Amino acid sequence: MSAMDDVQVKEGVEQDTVDAVKGLAGKYKYGWETEIEMEYAPKGLTPDIVRLISEKNEEPEWMTRWRLEAYERWLTKEEPDWAMVDYPEIDFQDQYYYARPKSMEVKPKSLDEVDPKLLATYAKLGIPLKEQAILAGVEGAGEMPAEARKVAVDAVFDSVSVGTTFQKELKEAGVIFCSISEAIKEHPELVKKYLGSVVPVSDNFYATLNSAVFSDGSFVYVPPGVRCPMELSTYFRINAENTGQFERTLIIADKGSYVSYLEGCTAPQRDQSQLHAAVVEIIIEEDAEVKYSTVQNWFPGDENGKGGIYNFVTKRADCRGDRAKVMWTQVETGSAVTWKYPSCILRGDDSQGEFYSIAIANNMQQADTGTKMVHLGKNTKSRIVSKGISAGKAQNTYRGLVSMHPKAKNSRNYTQCDSLLIGDKCGAHTVPYIEVKNNSSRVEHEATTSKVDDDQLFYCRSRGMDEEEAVALVVNGFCKEVLQALPMEFAMEAQQLVAISLEGSVG
Amino acid sequence: MAEPATTSNTTEDRLAAMTLPTGGWSDPARKAALTRVRDMGLPGRRDEYWKYTRPETLVQPDAPRAAVFANDEERLFANRDVLEIVFVDGVFDAAASGDLQMSGLQIDRLANAQDIHWASDLYGKLEGEGHYVPRPLAALNTAYATDGVLIHVTGKAEKPISIIYRHTKEDSDAVLHHVIKLDAGAELTLLENGPGAARFNQCMEVDVADTARFNHVRAQGRDHERRDATHIFARLGTQSAFKSFTLTVNGRLTRNECVIDLTGDDAIAHVAGACVGDGDFHHDDTVFVTHDALNCESRQVFKKVLRNGAVGVFQGKILVKEGAQKTDGYQISQSLLLDEDSQFLAKPELEIYADDVACSHGSTSGAIDETGLFYLRSRGVPMAEATDLMTLAFLAEALEEIEDADIAEELTERLSGWLRRRRG
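Protein sequences appear in the order of chains H and Y. Each residue of the first sequence is one higher than the one before, starting from 1 at the first, in UniProt numbering. Each residue of the second sequence is one higher than the one before, starting from 1 at the first, in UniProt numbering.
Please note: incorrect hints may appear among the correct ones.
Capping the alpha-carbon separation at 30 Å, the derived lysine-lysine pairs in DSSO-like fashion look like this [what the hints assert, rightly or not]:
#1 Y:K243 x H:K407
#2 Y:K51 x H:K306
#3 H:K451 x Y:K243
Some chain Y residues well away from chain H (every beta-carbon gap over 12 Å; in silico) [unchecked claim]:
#4 T10
#5 L20
#6 T22
#7 W25
#8 A95
#9 A209
#10 Q315
#11 E322
#12 E351
#13 A386
Think of the hints as simulated: they come from the structure by calculation, not from any bench. All values derive from a computational prediction rather than experimental measurement. Quick reminder that beta carbons are idealized off the backbone N, C-alpha and C, glycines included.
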């Protein structure tokens, strides 16, 4: 039985609408698969596999040791069970930890040498790997002035980085943007200094696993005083079957620099669930600023909860210097299970952390997501705006921590968590932790849970919109504060995604 | 169910220091509760539900010593027409108590075990059934309670019942368990005050039938060194009302848990608390409200004023079950930190499985409002007095939750007196 069948049809909804909506349920735009010859490491996780991954990436000895130590730690760790998510036990020995297209065996020297099949894959995803001015696939993009909207892309396909665009232009500005495997070889001093310094090797089960087996990911270094001349972006694509994707992202914004970073992700539609356990570390020095935006659109599973990505991600930013600033914006529409808490360590005085999130869970999806704001420095500020939308039989949880340490005098936090419920079979939950250990700081937390406002819906319907459009519009309004925080390309994509994700939720 | 929170040693050591009362209708319930305690294990530091409060002194075999506070004030609610029931260090004091006869209700003592009693249907039931979180201290109470009152309210109670808990011994360790059953349409106001004992484990089960009303006002004793672990379990029928307010001043450690199940449509539950803590003071309000019926209203209002390193904890949860449509759930927890050393730790939770609901929670923490303070100072009010005025104003929102305006006024006056005396 599909999840739609037993959802109560509200009065006044025409059967046509319901049928049309049912037809749309479970529609996932990026569910196709690229047929390409792959090369796998043997299934399962052993020290040999860890060594093999290190070898494939031609890593120096210190990196191999680092991974092996992480592997040893991982064996002693337990899978966390406190999140409000429920999924069958994962057999960590029954999957591949390394998969790369055969054609990537010899790393192409430039984008012209990349396998056309891979280029076609990204083109189909709307991320053509050529140095064009703007991300294609964004409606209305053509009308924008091309000069201002350059985006450099690092494309990660299963375990390897396929290519990075605009490297030359970025190099001229002094910005290093490459895959992390490249960075380990080319900039070992930076990697050694920063890798694992924000998310320690033994931070949590999944981060430790990632430390042992991460295969690729992106590396960004913005030197002092440099404003990165374009947006940087990484696009993650899982393609291979039974393969976990473990990418590692390391972003360093040196004193007084600025960078805006975008992340996108999709995966084919399959019956079996796949694991994605990433780690993102961001270091922000004095007066620097980083904006990190994610549109997460992994395959969410079908309407009966079959398949989909398990997205267990550790993301953390460390505002090391005074007046450092970080902004996380996330639109979480995909994944069968999400376990993700992008956090800010506000160490420097006057540093700032912001977290804007939209989490949409439809059908059988489960999302447990939120943030941690750890205030350590004086006069630090943080702001959390979280919008959770549940539909179908989904469960959506906001889980967050705001901590004001005794020395974080005159600090400030404002938190707003709103949940919207569409349908009577879903759940919306809020689990905030608030720890205030000094009195000159102010902490405010507000949360509401409600359903889509009938008056607003009625208004939209009376203007000739169908139910689905009306809900999408109301929900977009509900998410407005977060959508506004996204860079323009993403905001447009996100807005459409909000509507698509809710398809099948009305009725 | 989670893993036992502590090693079985801690639990067994504690159990070994107590004697299981036997011989009477409560035996099966006590034995079942003892099994629950052993299954759950007594709470330990790593227990998520005790994240912000260290339970060691509440579970160690002997009660930590608590000096008896020389209270020179007239006891609370003394000038009202109430039925007084007095417990001294957990032992019933017949001479000090009034006649346990009153129209509209029937009162028995738990210690006077009989073979058949109406309370056998309730004793340990609300405490033991259908909870999502283990509460081993409450199960411990059910198993080992030495006394308590069993009140069956059949109509409108003639006057309020006022239970007074006296503390006279430095090492007293009291375990009391009350059961209150309100029949359809019945009404009762229950007042409680006093420290109880050096360590006081108290549990109250309240079954509020359709259209019945239960009003509860409690003032926990001012003894600086006392330690309290209290639980209220309430089940609400259709169109019934439950209102509970607690004032806490002083005490080394207080953990007040309130567990409310709204099982009948159109029921109302309000829980509120005001606390003032100074120095070595740790106060924890843990509330769990479950909406399992249509059109119910729940309200939680908690205010804490903390100074000199005092710690305030609030863990509040609203659970709205599938089908509990038209729920109106509200929760606010606020703290006023009067100096740099005090702490406020909160976990206000919502867990919602119904869509047609309006639930909200808010939590704030911060220093005293400088503008308000400046205004009072500019009118010639000395600093200490201005601070007290601001403190009272801050707590007022919680005190306003008390249904009976006279009682609210008595408590407000008492509170203001305590603040004045501390100023000297």
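Hint check against the structure, violated hint numbers in rising order: The structure conflicts with hints 1, 2, 10, 11 and 12, although it agrees with all the remaining ones.
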